[in-house]
Each structure stands twice: as C-alpha cells, then as structure tokens.
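Visitor: Here are the chains, one letter per residue:
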Amino acid sequence: MALLDENRLLPVDSATRRVARDLYDAVRDLPIVSPHGHTDPRWFAEDQPFPDPARLFVTPDHYVFRMLASQGVPLTDLGVPRVDGGPTETDGRRIWRLFAGHYHLFRGTPSRLWLDHAFQEVFGIDRRLGAETADWYYDHIADCLARPEFRPRALFKQFNIEAIATTEAATDDLRWHRMIRESGWDGRVITAYRPDGVIDPDMADFADNVALFGEQTGCDTTTWTGYLDAHRARRAFFIAHGATSSDHGHASARTEDLPQAEAAALFARALAGTCTAQEADAFRGQMLTEMARMSLDDGLVMQIHPGARRNHSDQVMATFGRDKGFDIPGRTDYVTALRPLLNAVGMRPDLTVILFTLDETSYARELAPLAGAWPCLRLGPAWWFHDSPEGMRRFREMTTETAGFYNTVGFNDDTRAFCSIPARHDVARRVDCAWLADLVMSGRLAADEAPEVAHDLACRLARHAYRL
Amino acid sequence: MALLDENRLLPVDSATRRVARDLYDAVRDLPIVSPHGHTDPRWFAEDQPFPDPARLFVTPDHYVFRMLASQGVPLTDLGVPRVDGGPTETDGRRIWRLFAGHYHLFRGTPSRLWLDHAFQEVFGIDRRLGAETADWYYDHIADCLARPEFRPRALFKQFNIEAIATTEAATDDLRWHRMIRESGWDGRVITAYRPDGVIDPDMADFADNVALFGEQTGCDTTTWTGYLDAHRARRAFFIAHGATSSDHGHASARTEDLPQAEAAALFARALAGTCTAQEADAFRGQMLTEMARMSLDDGLVMQIHPGARRNHSDQVMATFGRDKGFDIPGRTDYVTALRPLLNAVGMRPDLTVILFTLDETSYARELAPLAGAWPCLRLGPAWWFHDSPEGMRRFREMTTETAGFYNTVGFNDDTRAFCSIPARHDVARRVDCAWLADLVMSGRLAADEAPEVAHDLACRLARHAYRL
Amino acid sequence: MALLDENRLLPVDSATRRVARDLYDAVRDLPIVSPHGHTDPRWFAEDQPFPDPARLFVTPDHYVFRMLASQGVPLTDLGVPRVDGGPTETDGRRIWRLFAGHYHLFRGTPSRLWLDHAFQEVFGIDRRLGAETADWYYDHIADCLARPEFRPRALFKQFNIEAIATTEAATDDLRWHRMIRESGWDGRVITAYRPDGVIDPDMADFADNVALFGEQTGCDTTTWTGYLDAHRARRAFFIAHGATSSDHGHASARTEDLPQAEAAALFARALAGTCTAQEADAFRGQMLTEMARMSLDDGLVMQIHPGARRNHSDQVMATFGRDKGFDIPGRTDYVTALRPLLNAVGMRPDLTVILFTLDETSYARELAPLAGAWPCLRLGPAWWFHDSPEGMRRFREMTTETAGFYNTVGFNDDTRAFCSIPARHDVARRVDCAWLADLVMSGRLAADEAPEVAHDLACRLARHAYRL
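Protein chains in written order, with the UniProt record's numbering: chain A, 1 to 468; chain B, 1 to 468; chain C, 1 to 468.
Keep in mind that the hints were calculated from the coordinates and are not lab data.
Using N, Cα and C, we set each Cβ at its ideal position, and we do this for glycine too.
Please note: incorrect hints may appear among the correct ones.
[To be verified] Not everything, but these chain C residues come out facing chain B in the computed CB check (under 10 Å): (1) L4; (2) N7; (3) A15; (4) R331; (5) L338; (6) P349; (7) T361; (8) C376; (9) F405; (10) R444.
[To be verified] Derived DEER-like restraints, expressed as beta-carbon distance ranges: (11) C:E279 <-> B:D220: 31 to 41 Å; (12) A:A272 <-> B:A169: 47 to 57 Å; (13) B:P31 <-> C:G299: 51 to 61 Å; (14) B:A169 <-> A:A169: 54 to 64 Å; (15) C:D448 <-> B:L212: 54 to 64 Å; (16) C:Q158 <-> A:L258: 50 to 60 Å; (17) B:A447 <-> A:D297: 54 to 64 Å; (18) B:S252 <-> C:G85: 33 to 43 Å; (19) A:A277 <-> B:A169: 17 to 27 Å; (20) A:A169 <-> C:G85: 24 to 34 Å; (21) B:D77 <-> C:L258: 29 to 39 Å; (22) A:D84 <-> B:T223: 38 to 48 Å.
Whole structure, please, built from the sequences with the hints as guidance.
Guide: Rendered as structure tokens:
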C-alpha cells in the first residue's frame, strides 16, 4: 500500500490536474534551496547516525508532541527533556508506541503528510503507522538508521540539497560550521545571524550575552557605539561562515529610527536592566533599523519573523523550556510598525528585507501592498502554523494579485526535522503548481509563462532573494 | 418541483462528488446530537401545537426578520413584540405575505436553505415560496400544524433527535424540564447552565438576580464565598436536570485569576453597583476561571461564546428588546485573554473548555494553535453568522491543519427555530463530507479513514466532548 | 495569438462553466453603470486625443508604476511628475520600453488582465507585450490614439457607458462638467461630492479651503452654522451638475453625534488650527453624521471609503505627492465607529449609506451583519487592492450568506485608467457569474433565479443604490 497519493495536492479537476502535473514534473527534481531553517549543524559536522526513531521523529518535533499533549498525553511520556533534568521517558520504543497509538490525531494535518512522506520516501515503508504496526516501524527505522546511507551527510546528498542555512545566536562560536568547512565535505551548510539574545532586553541573560559579545569581538559593548561595532564584527564573522542573512524573531514588527543619543540612552538602560517594557520594545525596534543600516554595508539579507506570543503555558515553560509547542500567534501590525525603518532605508534597492507573518489577515491588507510598493521589501512564504497546503494556498491567493510573484522569495522549510525537508519542499512545489494551473485554466496566466514561474518559485527566487 | 437539490453542498467535480456522496449517505440518517441550542423546553413539556406559520417561521427568528428590516420593513409589520406591549402586527397571514413577498432577499443565504428544507422535508411542499404562493403556503402549513404528527414531541421523534440541550439562566426554575421528566416521555431534553445574569455586573438586574440566586440556594450571596457556593448549588440543580455543560456569553474572552481577596472586593463593588467598566470586565473574567475550577469538581463542560457587540441599535433595543438581529460581531482576542484561566487549570485533561468565535481571523491564528496545544481546549463549530456552508468550510480549512479533527466537537445547531434543526445538521454533514472528500481526492486523507472521521464529526465528537 | 482566454475567470469544471457561461453571455453586453470613479471630466469636455501610450497606460496609473518601483525602478524613470517640477522622464517611448521590459512582474495580477484586455479589445493587439514587442506596441497604440475613434467621447460610446461619475472636491468649480453639459453631447458624465478637503482639519490647506468654500457659497464659513449651510449650498450645486452621491475618504470609519455646541467648538478649533489629533478625528466623525443628515434632505447617497494609511513613504510624498502607490490599508473597525451615525439616522429607509473596506476581515464579521440589519446600509463592492478576481470572490463568499445580494450595490470600477473600465466591469461580471454558477451547481441558488441575480449585479443594483 502506498502511503502517499502520487497526485496529492494537485487539483481535482482532470484537465487542471494535467496542467499542474506537467508543471510539477518539471520542478519536482530541482535541487532544494533551503535558505532558512533550524537543522543542527553538528549533524553535518560529525555525521553520526541519528539515535533512534523516537528521537528522530517525536522528541525534537514540537508539531508532533504538542498534538499529543493537546489530547492529554504528558510531555514526559513522550521523552521531552525537563529543564531540571528530572525524569522523562527514555525508552524510545515506548515513546514510539504512544505516538503510533495516537497517529489518527494527525489526520488532515501537514504533519501527517510530512511523516508519511519520510516513512515512504526515506525509509521505504508501505504500511500505515498505528498501534499494530508500531513495533514493526520502530525496528525497521532503527535498522535503517544504523546504515551509512542514513547518516546526515548521505541524506543531505540524497535529498538533493543545494544549500541549507541553519540559524545561530550571535554569540554562537560556529564550531560545527567551522568543522564542516574544515572537513572538506562539499555540502553547502551555512549559518544565519540571529542576534535576538543580544538585542532583546527582556531576555533574562541579555546583559551576560552582551558581555560575552564584547569578549568575542574585542569591542566595548558597554557603550552604544561599541555595541554596534560588535554587531558589525560578528556579522562579518558569520559572513565568513557562509551567512547571507540575518534573522529577527521579535514579538512585534515595531521599528524605530531614534536619534543616536536617544538610542544610546535606551541601550544603557537596557544593559542596566532598568528598561520599562515600553522602552525594551522601542530598543528592539531601534535595533531592526540599525540592522537594516548594517545590511546596506555588508549585504546581509534581513528577515523579520514577528508575531509569536511565546511560552503561553507557564508550567510547560518552567518544566520543559522554550519551543515546546506553546507559542501562539497574535495579531500583528506592519503598516505603522515598519514605517520608521522603511522611511530610513526602505527606498534603497540594494537592501532586501524579507517579511514573514503569523497573522494571515496581514497578507492582502498590509504585506502585499507594502511589498508591492517599497523596493527593499519581499514577502517570505507561509510560515509555521501556515506552512501547510491550505496555508500556502491562502498565501498565494492573498498576495499574488497585489505583490505578484516577484516580490516573494520562494519556499523556506524552517524546520528542525531533517527528514521532513524533502516533504516540505515537495508540498510547496505541488501547491504552487496547483495554483499556477488554476491561474492558467482560468485565463489569468498564459500557459507558456507558467513553467518559468514554477521554476522561479521552486528555487530561483530563493537563490536570488537570499543571495545564494 | 423539488425545493432542494439532492446533491446540494456536495462537490461539483463528479469524482469528488461520488466520494462525498458515499460519505454522506453513511451519516445522513445518524441521530441528531444537539448539545447547544435555544429551543423552548416548554414545547416538549406541554406538547401543544405551534400557533401558526408566521409565529413558527418569522416572528421568533431573528435571522429572518432582520433581513427584511435591512430592506426597510418595520419590525412591527412582522409582528415582533414590543417591550411596551404596544401595537404590532398580529395577523399571521399578513406577516406571512410580507415575508413571502421578500423571499428573494434570502437568495444565497443559509436561511433559504434551512427554510426550503423545512418546507420540503417537514411540510412536504413542492413549490417555491413567493407572493403568488403565500396564501397557499400559509393554509398548507396551518393545516399541518393542527395535526398530531406536527406537535413538538412528534417532530422531535421524526427529527431523530438523540439528545437536545436547551439553555437556561442560572436563576431559571427549570419547571419545564421537570415537567418533561415527570411526564414519562422518553425524549432526552436537557438544560445547560447559563449564569451570565448573575455574573455580569453590567446587566441592569444583576443585583436582583444575585439576591434571587441566594434565595434559591439558601446561600448568603452577599458574600463572595456564599456567592460561589450558590453557583455550586445551582450547578448541581442543573446537573440534576440533565445539564452536562455551562455556557458563557461574554463580550470578550477575557479571563482573570486574581487573589481571592481581590475577587471578593470586586464582587462587593459589583453588588453595590459601583464597579467601573474595567472592574466589571475583570469580574466577568475572574468568574470564567471560577467556573472552570468548579467544572473540575462537578464535570460540567464549559462553553465560552464571546465576541458579540449586543444591541447595536438603541431604538431597536428600546422598542423590541434583546436578540432582535442587531448584535454585531467584533474583533476578539483569545491569546492574551485566556492566559489566566489556562495557566490556572488548562493543563488538566479532565477539564473541557469549548471555545467559539465570531471573529474568523482567530481560527488559524489563535484558536487552532491554542486547541492544538492545551489539553483542556476544544473548538466549537462555526457559530451564528458563520454557521453557513461557506462559514463551515472556512472553519475546517483554517483549523484542521493545526488542530486536526479531534480537537473539535462536531456540530451545534444553536437555534431557536425548531424546524431548522434537521436542516442545519444536514448542512453540517454535507459540508463536512464535501471537505473530507476534497481531502481524500487531494491525497490528504486516506479513503479508508474518511468514513470514520465523517461519523465522528456527525455525532461521536459531540457526544464525547459534551459527555452525553 | 489571443491575449485573453475567452473563458477566463469562469469555473474550470465543465458543467459549472456552462452554467456560468450562459449567465455571463446574458449580461456581458449590458451597459456599463459606473457610479464611482476618478476619470477626468476634462477628457469628455475637450474630447482631445490622449497624448501617448506611456501617458495613457503608465504615468497616471499607480497600480502600474508602483509595481515597477517595488522592484527598484525609480519613479522618475517612469515619468511620474515631481512636485517641484524637477526632472523626470519625458520620452514616452523610453518609459514604455521600461514598462514593457518589466511586464512579467504583472503575471497573476489583475493589472495584467486589465492591460491585456485594453490591448486586445480597445487596440486590437494580438501579441504579448515584452521587451521585443515594446516598440511595435508603442507605434501601434500611438497610431490609434491619433484617430478620431480613440478620442474620449468615441471610446465612451464604444465602451457602452450608460453613466459615469467622476469625483470632485467640494471646492471644485465643476467647469468641465458644465462644459460637457453645454456641449450638447449626450454622454452621461456626472460628478460626486467629495468634501474631504473642507472636512479634514489635518489637511494642510484646510483653513484656506474653508475660506474658499465661504466665497463660493456666500455663507459665513467662519461659523459652524454658516459652514453647514455652505455644505448644503455646495451639495445643491453638485446635484445641479448631476451628482447623486457624496464620497468620504477618511482614515477610519469613526462617526460622532455630538451636541451642536460641542461640534461648533470643535469646528472653531479646527479652523484655528488648534485641534489635537484626537479632536480632528472627532470632527471628521461628526461631519459624517452631518453629511448623513443632509442626505436625508437632499437625497445624496453617502459613500464611506475608510482605512487607507496614506503616503507611507515620506520621500515619495515629498518628491511626487499623493496617490503614488504608497497608500497602505490598515485594520478598520466599523462596529463601534459607525454606532453614533447609525443611532442618529440609521433606521431611516430613505437614507442610503454605502460602506467600503480595505480590511477584508470586516466583511463577514462586521459589514455583512451590519448591512443585514440596518435599513440605511449597503455594501460597496471589493475595493482597490481587493478589486481583483480573488478579492471579488472573497467579497461574495464572505458577505452573501449574511447580507444576501440585495444589500450590495453592484460594481464600482473606481479607476482613473479610462481604458481599464470595460476590462474591470467584465472581470466583475465574470467573477459574479462564476460565483452564481457555483451556487447553482451546489444547490444554493435555483437555476431559474440566477439570471435575474446576474442582471441585478451587472447593473440594476448600481442604478438603484446610486439613484441613477
């Protein structure tokens, strides 16, 4: 039994399906360009086998374990590590059985598509996961993982990845990236500059991070100008490790363009831990504009990922820490928020700022009109909760008519689940080809123009926007 | 001439329609589980004939008379009763003719589907309503209503209702529910606990209601602890009359988890009528958390129905009172609003809190992510203005990918229009089967899994979530 | 090669397409009723040839030049005039080549549909625009423009325009409208009353405008009552030049119904330039209610177009002025905002207030419920960024079920691009017929009722709502 329908996500109407199928067949095997994500560079540096099926598919993937948690399964039963090192399930097989017994919860979700894709395409499985096949699955995948062709670098090649970006904190030593480069392996794994830890005064370790930042760069990060110099130096260090982009995960898209003296005063209060919430927010906003200015000098593409209300459950945060499925989107304004940055540098065509959203109401109302006017702006793809067939479709339906295709940047998989990467890019290519076929069949795009657009969406726009 | 298309609401593509039709045929005759609604228990207690066609279909249904009002028809011409007892049309036939003459206004609306369904399926009518058929319709329906098989209990059986919940104020004496039970009739009609009148300090009769509440329970409702005890007692009284749920219709989803002393002080000000608007809001928010805590003890499922801006027209409110079609939805936040309640009790899997919304922007952005993580949360179906084919479809499109099917609770008809109940459940089953067929045809759900999901959505999820 | 697919925008499913095609064939040649737009009355007064292809299609159309700007093309290279009269490209052919070389940017956008429609249907072109056809296009269109059948009045007749409204400031002398009337030409070109310049205290020339307003009307516009009288006089002047509507483009939908003494005090501060931002907003809100009251007397239909955050780029505003593609929508509330006006006059069936939105989230949540209840309210069509096939479809999907068809007002082209008018109405008719066909095929609308609705949407609702 095939786990996957060969024509999944293509249009149901047979004539439209033929158009979509032709478009898809021409792009399905193009290389994967993955300019934003959260895979672990250590995998590619050390090239060690993945430990076991549960630790590959369940324990690290918050899309998976939050769904079981939502139906009352304790996270400790799923082996999610506790911040206090306290007891959590360690028996991979028991975790796997629990997962398998709840597999029906994923019906209709993209997680199901991604998992089935990995099971079938990576592990060659032809039966459905469930309570009765749990052990067979566990044994089969565990056997595979022990073989050399399932090691990270082999999978990287099998997945046909042309380039992949990981994301590291500004204070990361990039040792794994260095090790990859020094190993002589030819896979292109690059980093991205994520300075939230040295930009957000509300983070508990902000002052420590800024101090470390100073040590790492030899800059005097107790002063505003020294702190900015440290960013410049650290960006150069990241660029030397392949970075072509920075990434900013603020709670809002707020930007500021304050006089430098005012910014310096805010920084001083931030370092001293005396910022009000409002001042901390203003400081984060100011730093987005500073980052944009630095991008004009060093060429890093700037990504803004706002809108997540992090750590909604105090108990989950206290017990298990960040990124445990309890981050919830909220309404996000872009129009007022981005004005200061845009009026400072937004007419510069040599700047690229890529906007993401967790608030789909902003697609047609704010983001497409902004990207359809400001030269620096591009729209990132449907993100996180919206990185699904319906979500990707809504993205195209609500942005194309105002922003067109060429103010978008192709697909980001944004994942820490390595085996889901081919699945996610495949979903994006299918959904985009289905959308293009609908445009062709309804006379909104000429049949001879669609293949070029499909190719652009599959990889050329990502290469171009991210300067890869 | 059939008023209804046999394949209405099923997909247009023929292959997809066959899949949907098979799914629908297997669930169409399943019993109706109606866990939330506003039918009048007196109907089932007394089992008297419905008075006349206008008083069955027009006068009590704000979906119907607000549409005529929107085109300039005075509500008094439609027989809507005035709060001052002043003149309003009493001639059912004249009301009916006015309704019939404006029937084209309902083209493309779900009201048209529901009405035509009742005309055809309940009253066996095969011609369209309009000015020229108005009298024929009136006579035909009036004749039917005089016959025993059109009395409430007979229709209840004919509609194949397994269980129906009405909604009563916390201070209701539940006499009709008692009368139903004592009558020996085996129809399952249960109540639901709606305490807004004793929780909302902004209601004009709040203090009187709380005083009555004290008399009914023997608790000292002049004190915070006595007031909470009164809730406990009254919830037990409702449970004894079949209630399995409470229902809360606040303007927002705000919750609070204040120290008890602070809550007690707020209650004192509320009773004294000295709350500010902000304090009244905080008190309502606190009470949602108190209700959730009581649910952990007594097992009532908690429903939160926020977001209606009630009584938008002062003139309509003054002349005709509440629930006259002038309640308008507004933007509704859930993420910040629900945090206090959720952090108090939200990780408890033995608690069920069902969330509804009138703000569809919250589906994908807030509600599905919340329900896809917190163990206590479930999503109520598309509600009120969104209880329509397009609205139900949007609900599935925007919640399934993050929350799946099993964090939803099946259908609620939420109606006071008895004859529309089979129509509304039929619409929901058709729309859900159409959605499932689309998932199957696009490879997002296995063909052999879809029938189980269809059955779950038609009645099993409602039974389970509402503990029926 | 045809630039346009004969069945564009009709449903893909063949049976549904047949239904849609029949509906469309019956309305495609109905006259164009254009009750709201921004064509220049001077065209019809003087009937001079349009200057050249670039000045017809590129320079005046912000939909077009903002898209090129978004990809880094300077507006001066596109011949957009500078407010300081400084250098901008004046060679039409060079502008045209730049436009042609970027034509791929419009793939998937409605601008592409409108342009191709004009190229094929107005200019008889059968090859695609691009770098290699740029000069051919330029010569061909320039040749056409020199011929009498391409003059404004000839095109007006060829386009089958029954009536078209332009929009003039309250202080406009309406000379072109007078000249049209006096010319004896029988084309119906009417004005609309746009008083923003004498209503918005935040406009730089507000006080000057109000002074001119006084001169024009002989009213003492230094006083509140004189100022209101001036509006009455000026509305009468506009009505004498054919106006049947007023139009109000405020930043929000805020209305107020203040005591007259308070309104007079606000007006005095506005004139003196001492309003706070909040007071200016209150004054604009008060004036919407005053305009509605005047409509009850003089019969002008009132249009409210809120929600644009104007002039997002300071640099573009300073260099090129208003309406240069840098107006971005923002969230817009209607429920709270409109209450004062509605409670003042909203139950009057002889008043018509047409609401537009740039915030699609308000369609199902606010606008359809409001228009489905208040007698005075009607919904304007999908507007500006949403005036596209997907946008029009979303409008119908999100408003029909609550407001029906008869609380909507047909189509507005709202354009300053004369040659796009037939294209835009054609798109609207196709999208509406496709929607109606879907309703018919899914059993939500009877096949014999659809043709009447299609005709209503194509022109009868516009005639009726705008009193044309």
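Visitor: Each hint needs a verdict: does it hold in this structure or not?
Guide: We went through each hint and held it up to the structure:
1. L4: violated (25 Å)
2. N7: violated (16 Å)
3. A15: Holds - the Cβ of A15 of chain C comes within 10 Å of chain B, reaching about 7 Å at its closest.
4. R331: holds (8 Å)
5. L338: holds (9 Å)
6. P349: holds (3 Å)
7. T361: Holds. Min distance 5 Å.
8. C376: holds (9 Å)
9. F405: At about 6 Å, which falls below the 10 Å cut-off, the nearest Cβ of chain B leaves the hint on F405 of chain C intact, so it holds.
10. R444: holds (6 Å)
11. C:E279 <-> B:D220: 31 to 41 Å: With Cβ atoms ~50 Å apart, the hint is violated.
12. A:A272 <-> B:A169: 47 to 57 Å: holds (55 Å)
13. B:P31 <-> C:G299: 51 to 61 Å: For G299 of chain C against P31 of chain B, whose Cβ atoms are near 56 Å apart, the range 51 to 61 Å holds.
14. B:A169 <-> A:A169: 54 to 64 Å: holds (56 Å)
15. C:D448 <-> B:L212: 54 to 64 Å: Holds: the Cβ-Cβ distance is about 56 Å, inside 54 to 64 Å.
16. C:Q158 <-> A:L258: 50 to 60 Å: holds (57 Å)
17. B:A447 <-> A:D297: 54 to 64 Å: Taking Cβ atoms as reference, A447 of chain B and D297 of chain A lie about 57 Å apart, which means the hint holds.
18. B:S252 <-> C:G85: 33 to 43 Å: For G85 of chain C against S252 of chain B, whose Cβ atoms are near 54 Å apart, the range 33 to 43 Å is violated.
19. A:A277 <-> B:A169: 17 to 27 Å: Once the Cβ atoms are compared, 41 Å apart, the range 17 to 27 Å for A169 of chain B and A277 of chain A is violated.
20. A:A169 <-> C:G85: 24 to 34 Å: With a Cβ separation near 52 Å, A169 of chain A and G85 of chain C fall outside 24 to 34 Å, so the hint is violated.
21. B:D77 <-> C:L258: 29 to 39 Å: Since D77 of chain B and L258 of chain C have Cβ atoms about 33 Å apart, the given range 29 to 39 Å holds.
22. A:D84 <-> B:T223: 38 to 48 Å: At 41 Å between Cβs, range holds.
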